[in-house]
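Listed here are the chains, written in short residue letters.
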Amino acid sequence: GEKVEQHESTLSVREGDSAVINCTYTDTASSYFPWYKQEAGKSLHFVIDIRSNVDRKQSQRLTVLLDKKAKRFSLHITATQPEDSAIYFCAAHNYAQGLTFGLGTRVSVFP
Amino acid sequence: EAAVTQSPRNKVTVTGGNVTLSCRQTNSHNYMYWYRQDTGHGLRLIHYSYGAGNLQIGDVPDGYKATRTTQEDFFLLLELASPSQTSLYFCASSDKARGLEQYFGPGTRLTVL
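From first to last, the protein sequence lines are chains X and A. With the working numbering applied, the first sequence covers 96 to 206. With the working numbering applied, the second sequence covers 147 to 259.
Simulated from the structure, these hints should not be mistaken for laboratory data. Computed from a predicted model, the values in this text were never measured in an experiment. Note that the Cβ used here is the ideal one computed from N, Cα and C, for glycine as well. Accuracy of the hints is not assured; some may be wrong.
[Claimed, not checked] Restraint ranges, calculated between C-beta atoms of paired labels, are given here:
#1 X:F141 to A:Y196: 16 to 22 Å
#2 A:V158 to X:K164: 47 to 53 Å
#3 A:P229 to X:K164: 31 to 37 Å
#4 A:G163 to X:E110: 41 to 47 Å
#5 A:L201 to X:K98: 23 to 29 Å
#6 A:A149 to X:G136: 17 to 23 Å
#7 X:R167 to A:S153: 35 to 41 Å
#8 A:G163 to X:A174: 28 to 34 Å
[What the hints assert, rightly or not] Computed list of chain A residues with no C-beta within reach of chain X, every gap over 10 Å:
#9 V158
#10 R170
#11 L189
#12 T257
Full structure from sequences and hints, please.
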């Protein structure tokens, strides 16, 4: 079945710098890749997604890149702010297995 | 935005105890899910359902039962709780095909002593 590896378990960035989180997946049938954010003590909420018919999607300071050939996708956060500090989960979806999550990346933004 | 609520928010029980976690969604979503979140394991799917009366097993179903009584309500049952089931439990719902665009509840922290 699908396996999603999230390469960075922790990421520490200076406020104003960029952060990049990288994920890889195994199942070529996966075609939808959402990202979720979990702030301290809170639940997960959706932040951005990308479908396999495009290779880039941007929403304000967030950009997702998808490389289907390498089975790799990444989340780029520009001009980081303290409120970006959270755990970010990548996930991959296919219709046979549903949604498979990575283990999460803890992003800390320091002044 | 979809509203998913869970109760209780915190629960402490003893080994062998009987626990029911409740989830309600108010947006008439077809799919509902139960996950557990543990450090080092991320989110793991326990059970899910695509409608009242339906139940599908997830990736880590052992020791858990679930029941979907209505479109809105999905329950997770631990009939003989064990310390290994100490975890943070999330319910989620979605209206699309299985797994897409999930909205998560606030979570229930369960401690089994």
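* Test the statement that A:V158 is away from the interface with chain X: the closest C-beta pair must be farther apart than 10 Å. => 18 Å, holds
* **Hint check for X:E110 and A:G163 - Cβ pair distance inside 41 to 47 Å** => 46 Å, holds
* Determine whether the Cβ-Cβ distance between A:L201 and X:K98 falls within the hinted range of 23 to 29 Å. => 25 Å, holds
* Verdict for A:V158, X:K164 (Cβ pair) under range 47 to 53 Å -> At roughly 49 Å between Cβ atoms, X:K164 and A:V158 fall inside 47 to 53 Å, so the hint holds.
* **Given as non-interface: A:R170, which should sit over 10 Å from chain X by C-beta** => 15 Å, holds
* **Closest CB of chain X to the CB of A:T257 still more than 10 Å away** => Correct as stated: the minimum Cβ-Cβ distance to chain X is 16 Å, above 10 Å.
* Looking at A:L189 again, its CB stays over 10 Å from all of chain X? -> 5 Å, violated
* 31 to 37 Å as the expected CB spacing between X:K164 and A:P229, which holds or is violated -> 45 Å, violated
* Asked: Honestly, do X:R167 and A:S153 meet the 35 to 41 Å range at C-beta?
  -> 40 Å, holds
* For A:G163 and X:A174, compare the CB-CB distance with the range 28 to 34 Å and indicate the outcome. => 49 Å, violated
* Asked: Do the beta carbons of X:F141 and A:Y196 sit within 16 to 22 Å of each other?
  -> 20 Å, holds
* Can the suggested window of 17 to 23 Å be confirmed for the beta-carbon pair A:A149 and X:G136? -> Holds: the Cβ-Cβ distance is about 19 Å, inside 17 to 23 Å.
In this structure, the earlier hints numbered 3, 8, 11 are contradicted, and the remaining ones agree with it.
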